[in-house]
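**Q** Listed below, chain by chain, are the residues.
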Amino acid sequence: MNEILVLAEHRRGELREITFDLIARGRQLAEKAGAELVAVVLGRGTDGFCATLAQYADRVLVVEDDALRDFNSEPYQAVLAQLISERQPLLTLIGHTACGLDLAPSLAVQLDAALVTDCLEVEIDGGKLTAVRPAYGGRVRASLQAREATHRIATIQAGNAPSPRARDSAGEIVKLQSPLAEEMAYKKLLEYVDTAAGEIDISQSEIIVSVGRGIGDPKNITLVEDLANALGGVLACSRPVVDKKWLPKARQVGISGKTVHPKLYLAIGISGAFQHVTAIKGAGMVVAINKDPKAPIFRVADYGIVGDLFAVVPTLKEKIARAKAGK
Amino acid sequence: MDIIVCVKRVPDLAEADIVIDRSQRDIEKDDLVFDINEWDNYALEEAVLLKEKLGGTVTTITLGDEDAEEVLRRALAVGADNAVHLDDAAFAGGDAYATAKALAAAIREMPYDLVLAGAQAGDDGYGQVGATLAELLGIPHATLVTSLEVDGKIARVRRELEAGLEEVMELGLPAVLTIQTGINEPRYVSIAGIRRVARREIDVRKASDLGLSAAEVGAAGSKTEIEKLSLPPAAQKGDILEGSTAVVAEKLAAIFASKGWLG
Chain B
1 MNEILVLAEH RRGELREITF DLIARGRQLA EKAGAELVAV VLGRGTDGFC ATLAQYADRV
61 LVVEDDALRD FNSEPYQAVL AQLISERQPL LTLIGHTACG LDLAPSLAVQ LDAALVTDCL
121 EVEIDGGKLT AVRPAYGGRV RASLQAREAT HRIATIQAGN APSPRARDSA GEIVKLQSPL
181 AEEMAYKKLL EYVDTAAGEI DISQSEIIVS VGRGIGDPKN ITLVEDLANA LGGVLACSRP
241 VVDKKWLPKA RQVGISGKTV HPKLYLAIGI SGAFQHVTAI KGAGMVVAIN KDPKAPIFRV
301 ADYGIVGDLF AVVPTLKEKI ARAKAGK
Chain S
1001 MDIIVCVKRV PDLAEADIVI DRSQRDIEKD DLVFDINEWD NYALEEAVLL KEKLGGTVTT
1061 ITLGDEDAEE VLRRALAVGA DNAVHLDDAA FAGGDAYATA KALAAAIREM PYDLVLAGAQ
1121 AGDDGYGQVG ATLAELLGIP HATLVTSLEV DGKIARVRRE LEAGLEEVME LGLPAVLTIQ
1181 TGINEPRYVS IAGIRRVARR EIDVRKASDL GLSAAEVGAA GSKTEIEKLS LPPAAQKGDI
1241 LEGSTAVVAE KLAAIFASKG WLG
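Residue numbers (the numbering used here), protein chains in the order written: chain B, 1 to 327; chain S, 1001 to 1263.
None of these hints come from the bench; they were simulated from the model. Just so it is clear, CB atoms sit at the ideal spot from N, CA and C, and this is done for glycine as well. There's no promise every hint is true.
As a list, the in silico SDA-like pairs of lysine to any residue whose alpha-carbon atoms are at most 25 Å apart [to be verified]: (1) S:K1251 with B:P314; (2) S:K1259 with B:E318; (3) B:K291 with S:V1247; (4) B:K245 with S:L1165; (5) B:K219 with S:A1014; (6) S:K1259 with B:G232; (7) S:K1053 with S:K1029; (8) S:K1029 with B:P293; (9) B:K187 with S:A1014; (10) B:K32 with S:K1228; (11) B:K187 with S:L1137; (12) B:K244 with S:A1016; (13) B:K244 with S:S1147; (14) B:K245 with S:K1053; (15) B:K188 with S:E1170; (16) S:K1223 with B:G126; (17) B:K188 with S:E1149; (18) B:K294 with B:A311; (19) B:K294 with S:E1170; (20) S:K1223 with B:S143; (21) S:K1237 with B:I207; (22) B:K294 with S:K1053; (23) S:K1251 with B:A321; (24) B:K263 with S:K1053; (25) B:K291 with S:V1033.
Covered stretches of chain S (in silico footprint by chain B; criterion: 3 or more residues with CB under 8 Å from a CB of chain B, positions within the stretch not fixed) [unchecked claim]: (26) 1050 to 1057; (27) 1186 to 1198; (28) 1219 to 1229.
Sequences are here, hints too, so could you generate the full structure?
**A** What follows is the structure, encoded as structure tokens:
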């Protein structure tokens, strides 16, 4: 069918932001291809989601089932495989998220579909799928094309799409019978756990001083902490620092950690992986100190210092202390 | 408990200059340093930790050219019992699907309770191989695993979601789990340790040994192909402060002061 299918992602009763990225992307693709934009909602008690999505999509397909209440790749895969086989969409878009990573590859195998993951750009032209995606941790861009296949699936990186445009009138909401006959045997969700519960909420601070892999050794972190204190800010970090257990997860800025909106974000020894810089888009000012002039963090920094953090950080702390004392 | 752990040899680009090669489909690799993929290193450690706790075997498997053997030696030095090397010119240029297909053909013939792989690779970053492999083997999977306990025929895992949230899941074994960085603290491997396993036998297999034709694997057996690589624009958004350490620190302090942040 001449449709672009978009999988709505939701968690704990809320549509996730990625869903609107997918809708915006899907709309662009549908317009180019002269296709309809179809949102797919799998869940339980989804009336609110459907009404929201119908503002943007030409059609909303809903499958309600207890097994779909929370994301679980097994029932999701079973329902989507059937839906895609029946409707033969031009393309199915899924978020490149923890859900999408768990779902898209096995779904593609079941459907014998061509799959491209973590896409920055996607085009579908005469049934041919091409995509631009990062490789080598974002330091290279790869243009890919999918070989001829019955089905095509793309997972889309979060945060690169414009805001979706609402339709003049609400799209049609179509409730479908759940094809799930019995409970699936293999995989069960037991609970959600908030890893930062009871810990400091760094996103509440107006000034965040953040440390990355470049700090080299956990005992050096006090250098950065001293600077954070001098600025009256809070100490945060990037993923490698948490992976090495040098700071707790609650201090991590990134997609899997905290998204922050301080007036000042000072990144020290942080290279600037996509997962990190996405989470600081809301910062008023970004300042980066890094010895590698090619570090991607400088692409998002308002001010940069290319230099050795072990020289720059103590000097900066001293200048700040002196400026404060001078007042 | 028999565990299979999939590993890959990848270039470490931390401070390297990246140059696109003449084919435009790959980067120049001659001057790069290679190592085990970071995610796979955590998967390997997790496999060895489980073996130390529960007994059984760890078999490590890689797909790659002759140089890829070094990551298998590393895995043996860490504590793997067996190593399998899928090495055939026909495997070259494969996408995640073609790679998973070859791995599945090899793993299907082995005894296993659990298959571990890195959640993604530092080079292609598809994040696809583990879950694709699971579906080809017809067993369940969980991706982005940040903790793992095995209790009889059940694995209880935590998966990393977004915004500090994790989900706790149970899976029936056998299963494929893809491992996220930070799940453990990978042990240090000395050169002497790697030297000690230099003579251990490695089981090398070609496509035909796996019952696969050249058309089913590598670039020919892929569902996607790379058309072109490019370097993203290096455009800088803001000002790089110039001068000695004292000068740049002074300039930055002045910027903060002008915003009223040092008051």
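**Q** None of the hints should be skipped; say for each whether it holds.
**A** Against the structure, the hints:
| no. | hint | in the structure |
| --- | --- | --- |
| 1 | S:K1251 with B:P314 | holds, 14 Å |
| 2 | S:K1259 with B:E318 | holds, 18 Å |
| 3 | B:K291 with S:V1247 | holds, 16 Å |
| 4 | B:K245 with S:L1165 | holds, 18 Å |
| 5 | B:K219 with S:A1014 | holds, 22 Å |
| 6 | S:K1259 with B:G232 | holds, 14 Å |
| 7 | S:K1053 with S:K1029 | violated, 39 Å |
| 8 | S:K1029 with B:P293 | holds, 21 Å |
| 9 | B:K187 with S:A1014 | violated, 37 Å |
| 10 | B:K32 with S:K1228 | holds, 24 Å |
| 11 | B:K187 with S:L1137 | holds, 16 Å |
| 12 | B:K244 with S:A1016 | holds, 23 Å |
| 13 | B:K244 with S:S1147 | holds, 15 Å |
| 14 | B:K245 with S:K1053 | holds, 22 Å |
| 15 | B:K188 with S:E1170 | holds, 5 Å |
| 16 | S:K1223 with B:G126 | holds, 17 Å |
| 17 | B:K188 with S:E1149 | holds, 15 Å |
| 18 | B:K294 with B:A311 | holds, 19 Å |
| 19 | B:K294 with S:E1170 | violated, 43 Å |
| 20 | S:K1223 with B:S143 | holds, 14 Å |
| 21 | S:K1237 with B:I207 | holds, 20 Å |
| 22 | B:K294 with S:K1053 | violated, 44 Å |
| 23 | S:K1251 with B:A321 | holds, 14 Å |
| 24 | B:K263 with S:K1053 | violated, 48 Å |
| 25 | B:K291 with S:V1033 | holds, 20 Å |
| 26 | 1050 to 1057 | violated (count 0) |
| 27 | 1186 to 1198 | violated (count 0) |
| 28 | 1219 to 1229 | holds (count 8) |
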